[in-house]
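Participant: The sequence shown begins at 289 in this note's numbering and counts up one residue at a time.
Calculated from the structure, these hints are not laboratory results.
Any given hint could turn out to be false.
[To be verified] Listed below are the simulated BS3-like cross-link pairs for lysine-lysine, each with C-alpha atoms no more than 27 angstroms apart in a straight line:
(1) Lys-434 to Lys-353
(2) Lys-341 to Lys-310
(3) Lys-557 to Lys-579
(4) Lys-367 to Lys-341
(5) Lys-495 to Lys-557
(6) Lys-768 to Lys-807
(7) Lys-807 to Lys-495
[What the hints assert, rightly or not] Label pairs and their in silico Cβ distance ranges:
(8) Gly-763 to Pro-734: 47 to 55 angstroms
(9) Asp-706 to Leu-401: 54 to 62 angstroms
(10) Gly-726 to Glu-357: 26 to 34 angstroms
Predicted model only: the values in this text are computed from it and were never measured.
No residue lacks a Cβ here, since even glycine has one placed at the ideal position from N, Cα and C.
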Amino acid sequence: MTRVSEIMDDILQQSSLTHVSKKLLDFLKESGVSLDTELSAIDKNFIRKFANKLIDFGIESEKLKKIFELFALRVREFKEDLIEEIEPKLKPVEIPVDVRVRGFDEIVKEVSLKDAVMEAKRCLACIPPRCVEACPVDFSVPAFLKLVADEKLEDAYKLGLRFMPLLGVCGRTCIGYCEGACTLGKIGLKPVSIRLIKRAVAENVDKIKLQPSPKPSKEIKIAVIGSGPAGLTAAYHLRLMGYSVTVFEASEEIGGMLAQAIPDYRLPKKVLRDEIKILESIGVEFKTSMKIGDGVGINGLFKMGFKAIFISTGAHKPITLKIPGVELNGVHQALDFLKLVKSGKLKKLNGMVWVIGGGDVAIDSARTALRLGSREVRIMYRRSRAEMPASNEAVERALKEGVKIDFLATPIEILGEDGKVTGMKCIRMRLGEPGPDGRRKPVPIPGSEFEVKADHVILAIGQRPDLSWIKPEDGIKLTKRGLIEIDENYSTSRRGVFAGGDVVRGPSTFTHATLDGLKAAHAIHKFLQQDR
289 MTRVSEIMDD ILQQSSLTHV SKKLLDFLKE SGVSLDTELS AIDKNFIRKF ANKLIDFGIE
349 SEKLKKIFEL FALRVREFKE DLIEEIEPKL KPVEIPVDVR VRGFDEIVKE VSLKDAVMEA
409 KRCLACIPPR CVEACPVDFS VPAFLKLVAD EKLEDAYKLG LRFMPLLGVC GRTCIGYCEG
469 ACTLGKIGLK PVSIRLIKRA VAENVDKIKL QPSPKPSKEI KIAVIGSGPA GLTAAYHLRL
529 MGYSVTVFEA SEEIGGMLAQ AIPDYRLPKK VLRDEIKILE SIGVEFKTSM KIGDGVGING
589 LFKMGFKAIF ISTGAHKPIT LKIPGVELNG VHQALDFLKL VKSGKLKKLN GMVWVIGGGD
649 VAIDSARTAL RLGSREVRIM YRRSRAEMPA SNEAVERALK EGVKIDFLAT PIEILGEDGK
709 VTGMKCIRMR LGEPGPDGRR KPVPIPGSEF EVKADHVILA IGQRPDLSWI KPEDGIKLTK
769 RGLIEIDENY STSRRGVFAG GDVVRGPSTF THATLDGLKA AHAIHKFLQQ DR
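All chains should be modelled from the sequences, with the hints used to inform the complete structure.
Facilitator: Written out as structure tokens, the structure is:
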């Protein structure tokens, strides 16, 4: 019978890796991969160990994928069912591109529960689990997938609740750290569709019925300022610990950026509202249209009897370009634009639209403008595609929908007539040396100026927290970047006041905000226990 050792030399030769063949084979043997295993006897455990050790060896990504492709071809001759088991099973039903760009319906119409169960079975249960190591909240991905694979959906959902109350929202808005680290993805297969599986679980259980009961009331009041993912997560876990939790939200709608700015095609309102009902069902109190600082401030909350305060007001203040013409009609700040659309106050946008920026907010703005009927939508980004902070998945979907992207250029003036935008004067850029964030700095190319026509310009170059409501008497220190300063326990310089999410990080992700809410809840609990 054919053994693994007998095919490896041939595979390495075809992969142009003969120069490291002995090193690699020795490494595999020393790592416990039995190269004497017959191909007919290979099982999923062997695949897991073999794949992970190939990754650990540090082979160039494309060559690693080539090795596994050739290996799988040989194994398939003997055990086709084994290779089929780790191939993708989940094919979500998506709205066709020509239909989706005419409205805001969610792109993935449905996720088959049957397929989600089969997809979960693809998990190799790696040790250590790369997916967990990559996830900011250390979500127990292998355990979650095993429960789904065994069709124990309620148990899977309850496991998810240990990390976050918004499992369905996570399945739609997380950028997929776990999937990016998935071993299957690194060896050339599609990663396990963990986010879609989370969505399938959340859509197929009775979420209210499965909520754990809060511990007996401690009659201790906690205020949460802001109802984004950090605030909601903190409120949820603190309520389960038995505290009386009140969430103060400045706008009319609970959910922070999730409710106000993320387009419906990514996160339908109903999905978020249904998961907010979870918090209401366990006794979290929400007070909307109440901006802390207008009348009642930090000191006022303490006077009202709150023993601890968690600040999670996000980063909603736009950063604008300091160039001539930004005051013209037709220039929009991206977050303001997205909020107007989400609220239903802006339903049409005609003509040529330029979006300036390269993050997820820029991509959301461009795709939204397209759905409002714009003739053409283009993004202008001052760096290259490799430096774009937007998720690759979002960029690919935008391109597929018809958004164009112009790299290595930036506007230096917005042109107009009679107070209205007519175009932009721009300049080409080149990439210089890396900056503090590791990305190469864009440098203007003298003499490369050019002009483009525009009817609307959407500025999506970033946002920061608006902490103008925090007064000197509140005793809360800010960093040089204008963020709230905290220690390792999420505590601010004011005793009893904690903070997390974008107010301490700057613009970040759903998952990092969730992490802060989870950790801050435990830090607040510890503080209150010690303070008794």
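Participant: Which numbered hints are broken by the structure, listed smallest first?
Facilitator: none
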